[in-house]
Amino acid sequence: MRGFLIASFFLLAGTPPACAQPDAPRWLPQTSGVAVGLRGVSAVSKKVAWVGGDKGTFLRTTNGGRTWQADSVAGASESDFRDVHAVDENTAHLLSSGNLARIYKTTNGGKTWALRYENKVFGAFLDGFAFWDDAHGIAFGDPLGGRFLVVTTSDGGETWRETPFFNVPPALPDEAAFAASGTSVGVQGSRHAWFCTGGGKQARVFRSRDAGLTWETSNLPLTCHSPSSGAFSIAFRDTLHGVVAGGDFLAPNQPLDNFAVTSDGGKTWQLEKTVLPVGLKQCVAYVPGSRRPALLATGESGTGYSTDEGRTWKIIADRRPDAPNRPPYYSISFSRDGKAAWAVGAKGSIGSLDR
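Note that the sequence shown covers residues 50 to 404 in this note's numbering.
The set of hints was computed from the structure by calculation and includes no laboratory data. There's no promise every hint is true.
[Said to hold, decoys possible] The list that follows gives simulated cross-link-like pairs (lysine-lysine, DSS-like), each with its CA atoms no further than 30 Å apart:
| no. | residue 1 | residue 2 |
| --- | --- | --- |
| 1 | K95 | K154 |
| 2 | K160 | K388 |
| 3 | K96 | K160 |
| 4 | K322 | K388 |
| 5 | K104 | K396 |
| 6 | K160 | K396 |
| 7 | K388 | K96 |
| 8 | K322 | K363 |
| 9 | K250 | K322 |
| 10 | K154 | K104 |
| 11 | K104 | K160 |
| 12 | K169 | K250 |
[Unchecked claim] Simulated restraints on C-beta separations:
| no. | residue 1 | residue 2 | range |
| --- | --- | --- | --- |
| 13 | F214 | A300 | 33 to 39 Å |
| 14 | D386 | D313 | 27 to 33 Å |
| 15 | T161 | F215 | 36 to 42 Å |
| 16 | N157 | R385 | 20 to 26 Å |
| 17 | T263 | G172 | 22 to 28 Å |
| 18 | R360 | G124 | 44 to 50 Å |
| 19 | G124 | D313 | 43 to 49 Å |
| 20 | T80 | A300 | 28 to 34 Å |
| 21 | R360 | K169 | 41 to 47 Å |
| 22 | K96 | H274 | 40 to 46 Å |
Keep in mind it's a predicted model, so treat the numbers as computed, not measured. Quick reminder that beta carbons are idealized off the backbone N, C-alpha and C, glycines included.
Please work from the sequences and hints to get the whole structure.
Spelled out as structure tokens, the structure:
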């Protein structure tokens, strides 16, 4: 029933005033059983979702979040799993940021994990990954030797190949990406990919039309004035229309130019209104199956939703008495059919989207 209500809200949103409007969506907190920070989430269906967290932690639900099974990857206690991509209840990939730039894969529901990629170069830092389908995916990381690291897979994450160094445009001074939610990289179609940056004096988008082999760049109009500011998250609904969101993680409640849209595949970007609630947004996601381009964006200051691709925003509330004291959500994931959505954040917080 909850999946139907989520879909119905965004399907009906934006219809004429005479039509009945469902209640606004709300977060329904769930019990994770852990206290570590959670930043990666991947929804498969109304029943199945995976989560990645600090200290080598991962979680899985197979009953819609009524219960979460938490465990850790053997030998990865220092890994910070900032991103996760789930195929089904048995198969998933985990990406480790920080000093351990690794990608793991399981095919047995998390009972065992195989290390499928590791970069031991000093300074290697993975920011996120995304998959076009179950076989083809792309991951990227902060600059090594002055250029961003890009790796791709065409065999379901069994092996990963690094894109030739000079195929990626040079990074600007102090330019980097943010592994705040695993959503600083996005894909569409079968070959289009984008990732967003900040950290210096100019936020940018890198874009590829050949599955990560070659890249071009575009400047973003977002505020970018320090190592803590810029674009944090990128999402596309097709190969032309997309959005970016961001802010400053050292000033998470400051009103900044933090949201922009494109209609030409990321070549040019236009500022839209600051996302509500005002402040840092670490993740932005399109709602699959919505009649009009609907978005959710979340971060330190809370979660907002838009039913007109960011021209106007409303705030998503939380269904519990201590909502103002609940840790913030950092990342959001919708199931492919749009019938389920989860958010994760600080101190083991997990929420499902309800109406």
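Do the hints match the structure? See the list:
{"no.": "1", "hint": "K95 / K154", "in the structure": "holds, 22 Å"}
{"no.": "2", "hint": "K160 / K388", "in the structure": "holds, 28 Å"}
{"no.": "3", "hint": "K96 / K160", "in the structure": "holds, 19 Å"}
{"no.": "4", "hint": "K322 / K388", "in the structure": "holds, 27 Å"}
{"no.": "5", "hint": "K104 / K396", "in the structure": "holds, 12 Å"}
{"no.": "6", "hint": "K160 / K396", "in the structure": "holds, 24 Å"}
{"no.": "7", "hint": "K388 / K96", "in the structure": "holds, 10 Å"}
{"no.": "8", "hint": "K322 / K363", "in the structure": "holds, 12 Å"}
{"no.": "9", "hint": "K250 / K322", "in the structure": "holds, 21 Å"}
{"no.": "10", "hint": "K154 / K104", "in the structure": "holds, 17 Å"}
{"no.": "11", "hint": "K104 / K160", "in the structure": "holds, 17 Å"}
{"no.": "12", "hint": "K169 / K250", "in the structure": "holds, 29 Å"}
{"no.": "13", "hint": "F214 / A300: 33 to 39 Å", "in the structure": "holds, 35 Å"}
{"no.": "14", "hint": "D386 / D313: 27 to 33 Å", "in the structure": "holds, 28 Å"}
{"no.": "15", "hint": "T161 / F215: 36 to 42 Å", "in the structure": "holds, 38 Å"}
{"no.": "16", "hint": "N157 / R385: 20 to 26 Å", "in the structure": "holds, 22 Å"}
{"no.": "17", "hint": "T263 / G172: 22 to 28 Å", "in the structure": "holds, 24 Å"}
{"no.": "18", "hint": "R360 / G124: 44 to 50 Å", "in the structure": "holds, 48 Å"}
{"no.": "19", "hint": "G124 / D313: 43 to 49 Å", "in the structure": "holds, 45 Å"}
{"no.": "20", "hint": "T80 / A300: 28 to 34 Å", "in the structure": "holds, 32 Å"}
{"no.": "21", "hint": "R360 / K169: 41 to 47 Å", "in the structure": "holds, 46 Å"}
{"no.": "22", "hint": "K96 / H274: 40 to 46 Å", "in the structure": "holds, 44 Å"}
Violated hints for the displayed structure: none, as all numbered hints are satisfied.
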